[in-house]
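S.K.: The residues making up each chain are set out below.
Protein chains: 2
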Amino acid sequence: MINFESFFKVSYGLYLVSSKYQDTKACYVANTVFQVTAHPPKFGISCNKDNFTAEILRKSGAFAFSVLGEKAPAGLIGNFGYRSSREIDKFKGVNYFIGKTGSPIVTDSCLAWFDCKITDTFDVGSHLLFIGELIASDLIDSNDKSLTYNYYREVMKGFSPKNAPTYIDESKLKEEVKNTGKVNELWQCQLCHYTYESEKGDPISGIEPGTKFEDLPDDWCCPICGADKSMFDRD
Amino acid sequence: MINFESFFKVSYGLYLVSSKYQDTKACYVANTVFQVTAHPPKFGISCNKDNFTAEILRKSGAFAFSVLGEKAPAGLIGNFGYRSSREIDKFKGVNYFIGKTGSPIVTDSCLAWFDCKITDTFDVGSHLLFIGELIASDLIDSNDKSLTYNYYREVMKGFSPKNAPTYIDESKLKEEVKNTGKVNELWQCQLCHYTYESEKGDPISGIEPGTKFEDLPDDWCCPICGADKSMFDRD
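These protein sequence lines are chains E and W, in that order.
For any residue, its number in the numbering used here is found by taking its place in the first sequence, counting from 1, and adding 1.
For any residue, its number in the numbering used here is found by taking its place in the second sequence, counting from 1, and adding 1.
Note that these hints are calculated values from the structure, not bench results.
Please note that a few of the clues may not be correct.
Derived lysine-lysine pairs resembling DSS-like cross-links, with alpha carbons at most 30 Å apart [as the list claims (entries may be wrong)]:
| # | chain 1 | residue 1 | chain 2 | residue 2 |
| --- | --- | --- | --- | --- |
| 1 | E | K26 | E | K50 |
| 2 | W | K201 | E | K72 |
| 3 | E | K118 | W | K50 |
| 4 | W | K146 | W | K118 |
Between the sequences and the hints, there should be enough to build the whole structure, so can you do that?
M.R.: So this is what it looks like as structure tokens:
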């Protein structure tokens, strides 16, 4: 038996993983970034084969990642996490610079950056595991705390998108809510799958627990991807 | 340029990774445990080739891991993290059970467990990356928080041992202390390399910041591996 609730006990940070091939820049939000060796320092990332960034990573042979801080606005995560670089220029209006490997490195709301040259690519099924040797790294902000996946889920109430290695079918999560036996209105964003729960409100936007969806201000929008109220359907 | 302080912004949990081949059980403390795919759920671990557990993992074709909670005593981490299964039976006096894959699964001070069958082994230099498909998992304790590597470092003041993927040469860390310009006595445990800093004390054992090493009680011992005061040398 697999108990999906156990998955939430595994800790991750949240990162903006980026790459550039010729004039095309790509960037996505990842939680699976991890150091695999110390001498030399090498980092691994797991990227869905269907992600636009996977194509760019294969062609460029390099990636960078920036560590998101707790103060990162949900809109920034929504911009990089729930849209495709195929369709929009995610870097518009965002501060970044080009690293030694040619990768664009985002500095907005990030605490540190790492620039890596890919040494190995391993096929693990739906995803590719890219291993990169660290070429350069630096701190951007040493004071803010790193945004953890747990904080993102518990406080910002975000979910993993479908292509993430840690994606969990929402129907499994909803059972959790049903089992509490409380009346809880659920409204889901059709763009990013964030679920507004009346019982929890939306602390990020200052919405008190117990606020019904119909009582949300007209200008309230999805704290994850910025979609307006019309994008929400009742579950 | 590589700034090693940026490494501390990458988030990890702490895990007991275990395996068994015939009658030999092995277990070590790891921070690099991460999910690499969602369908089916697969997890990766990075294990030093010199670790005794790496041999057992190769032979058994399976591993389990348990997620350490914040309330885990430093001694438990010291037992599994700083000694070799070659020399001692780390499981003596510890609660565990044998999972479906045959791996011993530790339940003491842990919040959840995962039992995995190895599907791939990748060579990344000093370490092997073992990828395992999840066979079973469950929650042990849903109330305690997961122990993060950050909490271990900041509050419990532990370091990575030499074979860890995230090991950092201590001389690089000491610069950090020197740069503050404050008088700070440093005493290092010769067994696990934990450093007692008089400026910070040892909150885990109730030792106030500003307590000199010579003023520590005679029965004080290393909060990480349990070594007594005679095992400490002044830096």
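S.K.: Tell me, in ascending order, the numbers of any earlier hints that this structure violates.
M.R.: Going through the list in order, the structure violates no hint and respects every one.
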